[in-house]
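Novice: Using the sequences and the hints, build the whole thing.
Chains A and B, in that order, give the protein sequences. Residues 453 to 872 in my numbering are what the first sequence lists, from first letter to last. Residues 453 to 872 in my numbering are what the second sequence lists, from first letter to last.
Derived from the structure by calculation, the hints contain no laboratory data. Incorrect hints may appear among the rest.
One copy or two, either will do: identical chains are not told apart, so a pair holds if it fits within one copy or between any two.
[Said to hold, decoys possible] Cross-link-like lysine to any residue pairs, in silico, SDA-like; alpha carbons within 20 Å at most:
no., residue 1, residue 2
1, K476, I457
2, K820, S519
3, K510, L485
4, K510, D760
5, K510, A499
6, K476, R698
7, K476, A536
8, K476, E756
9, K820, D726
10, K642, H804
11, K642, A617
12, K510, R706
13, K476, D466
Just so you know, these numbers come straight off a predicted model, no measurement behind them.
2 protein chains.
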Amino acid sequence: MEGGIPRAVAEELDAADPLAAFRKRFVITDPELVYLDGNSLGRLPAATSDLLREVVEKGWGGGLVRSWQEWIDWGARLGDRLAAHVLGARPGEVVISDSTSVNLYKLAGAALDAARGRNTVLMDAEDFPTNRYVLQGLADQRGLRLRRLPSDLDGGLDLDVLRSALDRDVALVVLSLVSYRSGALLDMAKVNELARAAGARVLWDLSHAAGAVPVDLAAAGAELAVGCTYKYLNGGPGSPAFLYVRSDLHAVLRQPVWGWYGQREQFRMGPDYDPVPGIERFLVSTPPLLSLAAIDPALALVEEAGVDRIRTKGLLLGRLADDLAAAWLTPLGFRSASPGTPEQRGSHVSLHHPDAWRICQTLAGEAKVVCDYRVPDRLRIGLSPLYTRFTDVWDALARLREVTAGRTYASRPADLARVT
Amino acid sequence: MEGGIPRAVAEELDAADPLAAFRKRFVITDPELVYLDGNSLGRLPAATSDLLREVVEKGWGGGLVRSWQEWIDWGARLGDRLAAHVLGARPGEVVISDSTSVNLYKLAGAALDAARGRNTVLMDAEDFPTNRYVLQGLADQRGLRLRRLPSDLDGGLDLDVLRSALDRDVALVVLSLVSYRSGALLDMAKVNELARAAGARVLWDLSHAAGAVPVDLAAAGAELAVGCTYKYLNGGPGSPAFLYVRSDLHAVLRQPVWGWYGQREQFRMGPDYDPVPGIERFLVSTPPLLSLAAIDPALALVEEAGVDRIRTKGLLLGRLADDLAAAWLTPLGFRSASPGTPEQRGSHVSLHHPDAWRICQTLAGEAKVVCDYRVPDRLRIGLSPLYTRFTDVWDALARLREVTAGRTYASRPADLARVT
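Specialist: See below:
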C-alpha cells in the first residue's frame, strides 16, 4: 500500500506538530471521515454550539431587543480582531458585513465612482465567478470597460500580463490573493506597487487566503479588500464577510448602498444620508446576528494558533500531498492543476483527472474522503491546518489511489458539484 | 388602580382568545416582564433553539460541506411558504436573501434601470431612514430626481399628495405599507392602481406589516416588495429579509448586484453573467445559513395561527390600548401619535410625551415594561398578537400611568434609543 512514502512518515509529522492539539477543539462526529474541504466550509469549532445557545437563549430569548445594546458593534469588534490577528490591518479598518459578493460590489462601486476620468476595470478572466459577475454588472451599469486578463488556469496570473494592461485608463484592478481553483498565490505587495505606479487601485479578494496564509495589508500597501469567514476561519455556513478599507480612504470613498448602519448618529434618523467618517460607512444594515456570533469562537482558535504557525503547517501538509501525488497519482493519470510548490499556493491543491467528478463522488461514499470538484476535471484538496492531520492526507491519498487504480468509482452520469 | 377599565375586562379577553395557547410556544424567561417591542425584535420561539442546535451540530458539524445539498434552496423554500401564508403571492415569487436594505437597493435599482426615460423616484419623506438613504444613493448614482412626499408624522401619507405627484416622469414609488413610526396602514391596492394609471411602479416595504396584517400582493396588484423577518415573523436578530417580484417581471428586470446565486447553472461557473429566469435572479450569494434556518420554526407558528386570526387579535389589542390610553394617559400629557383606530394601523401604536425617552428608560427598569422610543418624543408600543396577552397591555399601561403620574422616571440626560 505504501509505495514510496510509508505512513510512519505522516505519523511522525503528526507527533511533531505543534498545532496537533487544535484538532480536539473541533467537532469530529465521524473519526473515519477525512475532510479535505475546509476551503469550502470550515469545520465546526467545539465552542460554537454553546456560544450560539447562549446568544439565542440568553441574548435573544432573555434580553430581547435590549441585547442590541451589546450586539450592535460586534461586526466592528470582530473586524478589529481580524485586522490585528489575520489581516495585518489597523483598528478601525476592517468590519464584518453582508456577503463577500455584496462587499465586493460596495468597495468596487466606491472605487469606481471615485475614479472619475478612468474607465477600465481589470480582472483575472479565471477569477471566482461571482467576482466576475459583480464587476460585469458594475461595468455595465456605469458604462465602463471590463478587461479580463488571460490567466493560467493552473498557475495563476502572470504579473507581466497585468503590467502591460495597466494603462492610464485603469481605475481598478480586482484580484484574488489565492485562486479558488489552482490555489495560486499572488505577490500582493508587488501587484499593489504596479497598480500604484499606474495610478490604479487594487481590490483584493482574500476569501481563500484569510486564516491560511499570512496577510499583511498595511505592509503590502493594500487599499481595499474583502473576504469570507467560512473557509479557513471556520465561521459557519454563509457567515458574513469582512471588508477592509485603508483608513486614509474612508473620507475619499462612498459606497453605493447607502444604509442606516453607515449613518452618523444612526438613531437620530436624520433626513439625509450623512455617513460616519470611519469604516462603518461601508456597512448597510442589521447584520444576521446568529451567523455573525459564530465567527467569535472560530476566530479565537485562529488567534490562539497564530496564522504564521498555521501557514508553517500548511506548507508541510502541502509538501506531503505533493510527494504522495507524484508517487501514487501521476502514474494513474492525475496531473497537477496547481503551482508546483506549496510556497506558491494557498492551502489547497488541485489535480486534473478525466474522471474527476466520479472519483470525487465515490471518495465521498464508502471511502469517506470529502474533497471537492470543479468543472470540468479538477479535484480540489483543501488542507486546513487547524484540524487536518498528516495522516489524514496520507490516508486520503491512499484511498484516492485505491479508488482510481481499481476503477471502483461509479459510472453514473456527470452532475455538478455544489458550493465553492 | 383601574380608573375606567377594570383588569377583569382584559382577563376576559384573554380567556376568550383563540390564540392564547401560542404564548406557550415562545420562550418567556421573565414572566413579570411585559414585552411590547415585538415590532423591533420578535420573541424567541420555543422550537428555535433545538432546530438551530440540529443545524449546527448535525448539519454543519456532521454533514459539513455536504449539507449544502440540502441547504441551498432554503431561501426559496422559505420564500414559497411566506408567499403562500403571509404575503398572498404565488410560488416562485418570493425568496429570502440579504437584508431589507440590500433587497430594497436591488429591486429599486432593477426598476429604475428598466424605466428608461422616466427619471423621478417618489418616497415618503417620513419613511424609515435606511429606505430614504438607499433611494438617495441610487438617485445620486444615476442622476435621478428624488421627490420626498410630505407626510403626516402621526397619520401617514395622504393619497391625494401621492396622486398629484404622479406625473409622467415618475419611474418608481417606494412606500412602507405600515409606517415604522405612527403605524399608519396604507391602502396597497389603491396606491398600486394610482401608480399603474400613471405608468409608474411601486416597491413596497412590508417590514412592519408581514405577519401582523393580511397582505395579498396578488390581489392588490403589487409588483415589487421587500421586508424583514425579525419583527412579527420572529426570525431572530438580523434574520435575512425577503423580496418579492411578480413573476411577469422576472424577465423584464435585472438587479444591479450580479452574484453567482442568480446565475443559470451556478456550478458551471460560466464566463458571463446569465441570470436564471426565476426569482433566484434576485439573489446574490451564499446566505447566512444559521440566521436563515431560524426563520423556519418561527414561520411555522405564523402559518399555524394564520395571519387573519393574528390580525383579529391585533385589532382587539389595539382597541384595548386605545381605550386605556384615552382613560389613563391623555390626562397625563400623552397625545396620540398614530391614526385613531386600530383598523387604520399595523400592530403598533405610538404616543407623544415630552419626557418619552426618560419614561421609556424607567419603564424598562423596575417597571419591567419594554416598549421603544423614537426621536424626539414618541413611545412606540408593539402589540405582537402571538404572545401578547390583553392583561399584558393592561399591566403595561397601568405601569406607564404610574411611572408618569408619580414622575418617578429618571432625569438623566437624554441619550438615543437603538434599533428599529
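Novice: Against the structure shown, which of the earlier numbered hints fail to hold, in ascending order?
Specialist: 1, 4, 6, 7, 9, 10 and 12
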